[in-house]
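K.L.:
As you go down the protein sequences, you meet chains V and D in turn.
The numbering of the first sequence is this note's numbering, which starts it at 1 and goes up by one.
The numbering of the second sequence is this note's numbering, which starts it at 1 and goes up by one.
Rather than coming from a laboratory, the hints here were simulated on the basis of the structure.
Be aware that a few hints might be false.
Just the calculated beta-carbon pair ranges, DEER-fashion [to be verified]: (1) D:121 - V:286: 29 to 39 Å; (2) D:201 - V:36: 35 to 45 Å; (3) D:285 - V:123: 20 to 30 Å; (4) D:74 - V:212: 49 to 59 Å; (5) V:297 - D:107: 29 to 39 Å; (6) V:162 - D:283: 19 to 29 Å; (7) V:90 - D:148: 53 to 63 Å; (8) D:320 - V:313: 53 to 63 Å.
Okay, derived cross-link-like pairs now, EDC-like style, lysine to aspartate or glutamate, Cα gap no bigger than 20 Å in a straight line [unchecked claim]: (9) V:286 - D:200; (10) V:273 - D:225; (11) V:273 - D:197; (12) V:273 - D:200.
A quick note: this is a predicted structure, and the numbers were derived from the prediction, not measured.
Beta carbons: idealized from backbone N, C-alpha and C, even for Gly.
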Amino acid sequence: MNAMTKEATIAATPSQKPALLEVRQLIKHYPGRGVWPKPQPIKAVDDISFAIGYGETLGLVGESGCGKSTAAKTILRLIEPTSGAIVLEGTDVAKLSTSQFRPYRRDLQIVFQDPYSSLNPRMRARDIVAEPLQNFGRSGDCDDDKMAALFARVGLDKEAMRKFPSEFSGGQRQRLGIARALALNPKLIVCDEPVSALDVSIQAQVINLLEDLQHELGVSYLFVAHDLAVVRHISQRVAVMYLGRIVEIGLVGELYANPRHPYTQALLAAVPKVGVGLARAKTLLKGDIPSPANPPSGCTFRTRCPLARSECAGSSPQLTAQGTQHWAACHFIR
Amino acid sequence: MTTPLLEVDDLHLAFASREGVTRALEGVSWQLHAGEMLGIVGESGCGKSVTAMAVLRLLPAPPTTHISGAIRFRGENLLQASEARLQQIRGNEISMIFQDPMTSTNPVLTIGEQIAEVLMLHQQLGRRAAWARAVELLDLVNIPDPQRRVHEYPHQFSGGMRQRAMIAIALACKPDVLIADEPTTALDVTIQAQIMELLDRLRRETGTAIVLITHDLGVVAESCDRVVVMYAGAKVEEATTAELFARPSHPYTRGLLDAMPRLDTPLTEPRSRLPEIPGMVPSLRSAAVGCRFSPRCALADNRCRSEVPPLAPIVAANPSHRAACWRSVSEATAV
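Starting from the given sequences, assemble the full structure and let the hints guide the process.
P.N.:
In structure tokens, the structure reads:
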């Protein structure tokens, strides 16, 4: 079984090589609570592997509690992984000590979901954006012209530099968060639900900004979101997570047009569609996502799966190839 | 046409604070008919939730709040109703479910106590009868094992189950009107589909009319009979759902629809840019001079900036589709 996982790991890489970032068999288990019965670990991220190419966007989708944010934060080591490799341009940064890892933080930045709580309310916008530069001893790069250029790049004017976060709207705050992430010219920005707190009209502005920056700077994104339409628009490849595992991964066009895993099919069917005369035809998934502290045996999706049979309780399905650059983990793919 | 069940008529609402007067609603009108699901859509701050709060008089009293116009429920103006009369109406004839199922249940009472409370208060049921009915209601909203679940506390329920319990509380007295304020916003998409399916089924079974307040045009498209689009405290467009999505007429409605990434557009490489609505929602502190949307509107001309456009039918043949826009109306009549 291990060999199969290996194979899937190697297979599930982008077409273009070498990859900027390769995540191999990443695991994050949290200790369970209590003393008796013997607590089981909570498997927040349970053996996932993927790769991100230069200038590429990988979308990571799933419902709340599926481990997508944990996976994203583990890559930055904001959460320490339990095991697994995080290979950034050939170096396994998961094995480095904190001080050895520090220089690599310049290449890995993050934009958070909540533009209200992720900016220090007592700091001026300019200081918020300049802080990463100062942290890495590049105070010389914080002069007014360079900061104004950075503000202009995210669509904020010079006057904004003097303001406090409370003086900005949600969309503008998210622009500030993006400017802060860009300050060190990173190679990869992890976007953890960057537009889910924004209104539709503002969301489009921020998505366009992220796309423009990618074209100009060649930065790669790991785009974590629950909105399938947004992920489809911004990503080249998409990974679908359920209960700590990747159940399907592939090129965006292929995955959305031809979803193979029953969970991906159900997710896509559940998205409300705007269109004339579209009948509501849904495979309604029953019940809620099970607790990761006590996941079902075998395939973790089997408790909600319309295709589940008794075999599904036995063994956990591995990612298998479904055509060009498309993998899904299900025993009964038709 | 029959008399509407619930009618909001030229509702104006303003909040006074130290910073000045905020005009939250400026002449909003809509009607809800029996058995209907009416969608009210708009972005944060457009006044959609405050309209719902006004219907049940859940807002602070004057002088901080100034309210004018009329809210008629079966012809009775709720703005002039006594507090005792409102107590009879709330939760009994008109009930409400809120966005956040985490904070709108009482954490120290079991789900059963919270449902039974409504029944004992409004329907004078005895304790035993109320609890039996609570179990039935949990079963009605598809909560598995209701006999056991009725004795559990809200924290033992998942988000989706808590929202279903909220719906059970709201439906306990078989209200004529259910106001659902962003009922699925805090939920995952598969759970959202379950809740919308449930609301739709309950509407068909019980005949309860529903006002669905949401920012999600997709949810509206799939569930509602009619839609009201709000922007900055005013109604900018109103139509049947099919008509609105077939012929969105106000530039704001069109902008909202275009700005949404969709699952059915072709994927190009590089991607085509999403059409943005430039700028931001205006402050409601100043009185409207001209169309509130004109600073963000590509079609705006001098008249848009100086005169407030009235709601008018887009085409004479279909008087139920109306928009408040000088340009879309004049263009449509020109064609």
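K.L.:
So, against the hints stated earlier in the document, which numbers end up violated here?
P.N.:
Every hint satisfied by this model.
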